[in-house]
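Asks: Dock chain B against the given chain A, drawing on the hints supplied.
Number of protein chains: 2
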Amino acid sequence: MRCITQYKDKMDNLNCINRLINCFTGLPGVGYKTAERYAYSIIESDDEFVREFCDTLLDVKKSVKFCETCGNFSDKESCNICDKRPHDTICVVKDPRDVIAIEKSGVFKGSYHVLHGVISPLDKKGPDDLNLKSLMVRLRENKVSEVIIATNPDVEGEATANYIATLVKPSGIRVTRLARGLSAGANLEYADQVTLAMSLENRVVI
Amino acid sequence: MRCITQYKDKMDNLNCINRLINCFTGLPGVGYKTAERYAYSIIESDDEFVREFCDTLLDVKKSVKFCETCGNFSDKESCNICDKRPHDTICVVKDPRDVIAIEKSGVFKGSYHVLHGVISPLDKKGPDDLNLKSLMVRLRENKVSEVIIATNPDVEGEATANYIATLVKPSGIRVTRLARGLSAGANLEYADQVTLAMSLENRVVI
Chain A
27 MRCITQYKDK
37 MDNLNCINRL
47 INCFTGLPGV
57 GYKTAERYAY
67 SIIESDDEFV
77 REFCDTLLDV
87 KKSVKFCETC
97 GNFSDKESCN
107 ICDKRPHDTI
117 CVVKDPRDVI
127 AIEKSGVFKG
137 SYHVLHGVIS
147 PLDKKGPDDL
157 NLKSLMVRLR
167 ENKVSEVIIA
177 TNPDVEGEAT
187 ANYIATLVKP
197 SGIRVTRLAR
207 GLSAGANLEY
217 ADQVTLAMSL
227 ENRVVI
Chain B
27 MRCITQYKDK
37 MDNLNCINRL
47 INCFTGLPGV
57 GYKTAERYAY
67 SIIESDDEFV
77 REFCDTLLDV
87 KKSVKFCETC
97 GNFSDKESCN
107 ICDKRPHDTI
117 CVVKDPRDVI
127 AIEKSGVFKG
137 SYHVLHGVIS
147 PLDKKGPDDL
157 NLKSLMVRLR
167 ENKVSEVIIA
177 TNPDVEGEAT
187 ANYIATLVKP
197 SGIRVTRLAR
207 GLSAGANLEY
217 ADQVTLAMSL
227 ENRVVI
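Line by line, the protein sequences are chains A and B. The first sequence maps to residues 27 to 232 in the numbering used here. The second sequence maps to residues 27 to 232 in the numbering used here.
Pulled out of the complex, with its shape left as it was, chain A reads as follows (with noise of 0.2 Å):
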């Protein structure tokens, strides 16, 4: 902000300019100098596509709801994946964007449940700010095996994993977590040591 200030006594005839700036800055990873390249750009590009960056962003916005069995993203009450593939197996994950990347593997046929968020006290989100509840009148609605939980290798994401393991297995129903070890194409003298021991601790038999 001290930067637009800056920017706007010296320039003060255009102030649109600053607020496309600011706004550029709202999003994730954005800078000052970032904005500034940005909102250039879109003073040089043609009308045509200023109208359909717009109009895209407002549909977005108005369209895109949330699933009401998985909460992934959907522009109907119950998602696509959610009607198509069968509830015996649920994979749990952070956020819409963990299902498009499993969806990329073409691993996985079974269905989603989107937590939006993993337990993080330094965020203040415990479990109630999770899309917890719906999971679990999922898990005694339909007739659930396995569920698969899908968060991050990371410490929010094995809190996150341990609690809804303990939730979820009085209930009887297999609880996995994915696989931890060397990823593909790695080198192992660059592996990181905590790495190394789990791929020697949940070695395979080839």
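It is possible that part of the hints are untrue.
Copies of the same chain look alike in the list, so a pair counts if it works inside one copy or between any two.
Said to hold, decoys possible - Computed cross-link-like contacts, SDA-like style, restricted to lysine to any residue with a CA-CA straight-line distance of at most 20 Å:
id: 1; residue 1: Lys-88; residue 2: Arg-77
id: 2; residue 1: Lys-130; residue 2: Tyr-58
id: 3; residue 1: Lys-91; residue 2: Val-76
id: 4; residue 1: Lys-91; residue 2: Glu-74
id: 5; residue 1: Lys-135; residue 2: Ser-171
id: 6; residue 1: Lys-87; residue 2: Thr-51
id: 7; residue 1: Lys-87; residue 2: Arg-77
id: 8; residue 1: Lys-110; residue 2: Ile-126
id: 9; residue 1: Lys-87; residue 2: Phe-75
id: 10; residue 1: Lys-120; residue 2: Lys-135
id: 11; residue 1: Lys-88; residue 2: Asn-44
id: 12; residue 1: Lys-88; residue 2: Ser-67
id: 13; residue 1: Lys-87; residue 2: Asn-41
It should be emphasised that the hints constitute simulated quantities derived from the structure, not laboratory data.
Replies: Here is chain B on its own, set in the frame of chain A:
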């Protein structure tokens, strides 16, 4: 585009998100992954932000024009700098971003002339594609004592500078070029050969 189609196959209900990702990839330096990140942040941001974003985009596109005198951004026929500053020294720059950079240095007190590009045969940009005619008109109509050419010190910038110099010199106006040499805080050891050679050639008496 290949990525977008791939993604669309799998999540065909969320066409508007794909369209938004597509729009974001139209910004300079934004690839598919970054555009995806921006699009998701839009979905998760509040309505107020998106409305403000759209309003500003349209506002910028509608109200930002180019100054009739110098070619800089302006919301009037003549920009603030042309209105207030003397026209006896004209600094010629590639684009409006350069005006802001030089303004930030706070040293130059004359007016500017924005070329909107440089001579670049690879990009099919010749002298006729630049805002040069109005520069010659300004030089004829005002009592200009100096033209400072502030294009980038690269091949295209140099070519453009030389071209303008040959145009302007016959009228007896002093033509100068920004000094080249070591940048502030630089390290001799890491300076490239060309810069070092130039800084030796253009050494100044202390």
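Asks: Hint numbers the structure violates, sorted upward?
Replies: No hint contradicted; all consistent.
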